[in-house]
Amino acid sequence: MKLKAIILVLGGICVLFSASCDKEQYKNDIPAYITIQSYEIDSVPGPIELVTTNVQDAWVSVNGELQGAFELPASFPVAKTGAVTIRVQPGILKSGISTLRGVYPYYTDFELTGYQLEPGVDHTITPYLSYRDDISIFVAWQEDFEEIGSNLNYHIDSDTVVVQVQDSLEAAQGSNYGIIRMDENDAFFELYSIPLTDLPANGTPVFLEMDYKTNHFFFVGLYSDNRTVQESLYGYRAKDENWNKLYIDFTDAIFNKRTSEDFNIFIGFQKDPGIPEVTMKIDNIKLLHL
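This note's numbering puts the first residue of the sequence shown at 194, with every later residue one more than the last.
Simulated from the structure, these hints should not be mistaken for lab results.
Cβ coordinates follow ideal geometry from the N, Cα and C atoms, glycine included.
Honestly, I wouldn't trust all of these hints.
Stated by the list, open to error - Label pairs and their in silico Cβ distance ranges:
id, residue 1, residue 2, range
1, Gln359, Leu265, 27 to 35 Å
2, Leu259, Ser231, 17 to 25 Å
3, Tyr308, Thr390, 42 to 50 Å
4, Ile341, Leu305, 20 to 28 Å
What the hints assert, rightly or not - Taking lysine-lysine pairs in the DSSO-like style, the calculated list, with each CA pair at most 27 Å apart, reads:
id, residue 1, residue 2
5, Lys479, Lys287
6, Lys406, Lys450
7, Lys479, Lys438
8, Lys432, Lys287
9, Lys273, Lys432
10, Lys438, Lys406
11, Lys406, Lys479
12, Lys432, Lys406
13, Lys406, Lys287
14, Lys273, Lys406
15, Lys479, Lys432
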């Protein structure tokens, strides 16, 4: 009887010890949480002025391990706790296409070193954004409508041109913007850039940034060989409530036509007869490369 009682007690001790081990293990497995609402523009200016952005995602790494690409706003668990290094890279929709997401190569990464992640605690992080200053970014073509005159050319058949408007409350950036107006007597509009003769054709990223607001669809594309060949074409729907920003990726199009001596960016559309009056506002156009 005594032996039997001892065995039961020892068994109880073993069970209690086992439960204690499992509980401690569970405690160690509680993740920390990170919340990112949005990016903010850095108050310290970079090499290029940054006023408007359209960062959709945060690509987050902890101690060099990618945790994922998260559409903002986002809250997600992180297994690593204690003092860690957190890196947040700005993600965009390449060419405005939701299935083509990636890190924008010309914005800065945001990094926190020695940041304490506590198990079970939600940590809110606000990444800051500017253009990178650790690389040389070239602006091959720019039109922000802040100067007298413009860097815009027009197709011979274009029924209208871009008019400069001074209105700092309405402009996407600065004091001015450009506007395209068409009525029932107009049918076609196209602007194109200056000839671009020094674009890298080795796979180096080449992106066109532009802000727009319009009640009509439009296209953005690339000409080569003195505007005799159309290399790529992207179409965009009407969005006229707020300014929208695009990051159009021309890297592959230029690489595939690397024997060409010159390129031109173009923006245009054939007017829909069902839309009697078209208003399209554009601002902050720039073509970037290394």
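Hint-by-hint comparison with the structure:
1. Evaluation of the 27 to 35 Å hint for Gln359 and Leu265 yields a pass: the beta carbon distance comes to about 33 Å.
2. Taking 17 to 25 Å as the suggested C-beta distance range, the pair Leu259 and Ser231 conforms, at roughly 21 Å.
3. Between Tyr308 and Thr390 the beta carbon distance is about 46 Å. The supplied range of 42 to 50 Å therefore holds.
4. Between Ile341 and Leu305 the beta carbon distance is about 45 Å. The supplied range of 20 to 28 Å is therefore violated.
5. Simply put, Lys479 and Lys287 have alpha-carbon atoms about 15 Å apart, close enough for the 27 Å limit, and the pair holds.
6. Restraint check for Lys406 and Lys450: the C-alpha separation of about 31 Å exceeds 27 Å, so the hint is violated.
7. A C-alpha spacing of about 12 Å is found between Lys479 and Lys438, which places the hinted pair at or below 27 Å, so the restraint holds.
8. For the hint linking Lys432 to Lys287, the alpha-carbon distance of about 18 Å falls within 27 Å, and the restraint holds.
9. With a CA separation close to 42 Å, the supplied pair Lys273 and Lys432 exceeds the 27 Å bound.
10. Taking the CA atoms of Lys438 and Lys406, the gap is about 9 Å. The hint holds against a cut of 27 Å.
11. At most 27 Å may separate the alpha-carbon atoms for a hinted pair to count; Lys406 and Lys479 meet this at roughly 16 Å.
12. Restraint check for Lys432 and Lys406: satisfied, since their Cα atoms lie roughly 6 Å apart, inside the 27 Å limit.
13. Using a Cα cut-off of 27 Å, the hinted pair Lys406 and Lys287 holds, with the two alpha carbons roughly 19 Å apart.
14. A distance of roughly 43 Å separates the Cα atoms of Lys273 and Lys406; the hinted pair therefore is violated under the 27 Å criterion.
15. Proximity of Lys479 to Lys432 is assessed by CA-CA distance (about 20 Å); at most 27 Å being required, the pair is judged to hold.
Going down the numbered hints, you'll see the structure goes against 4, 6, 9 and 14, while the others check out.
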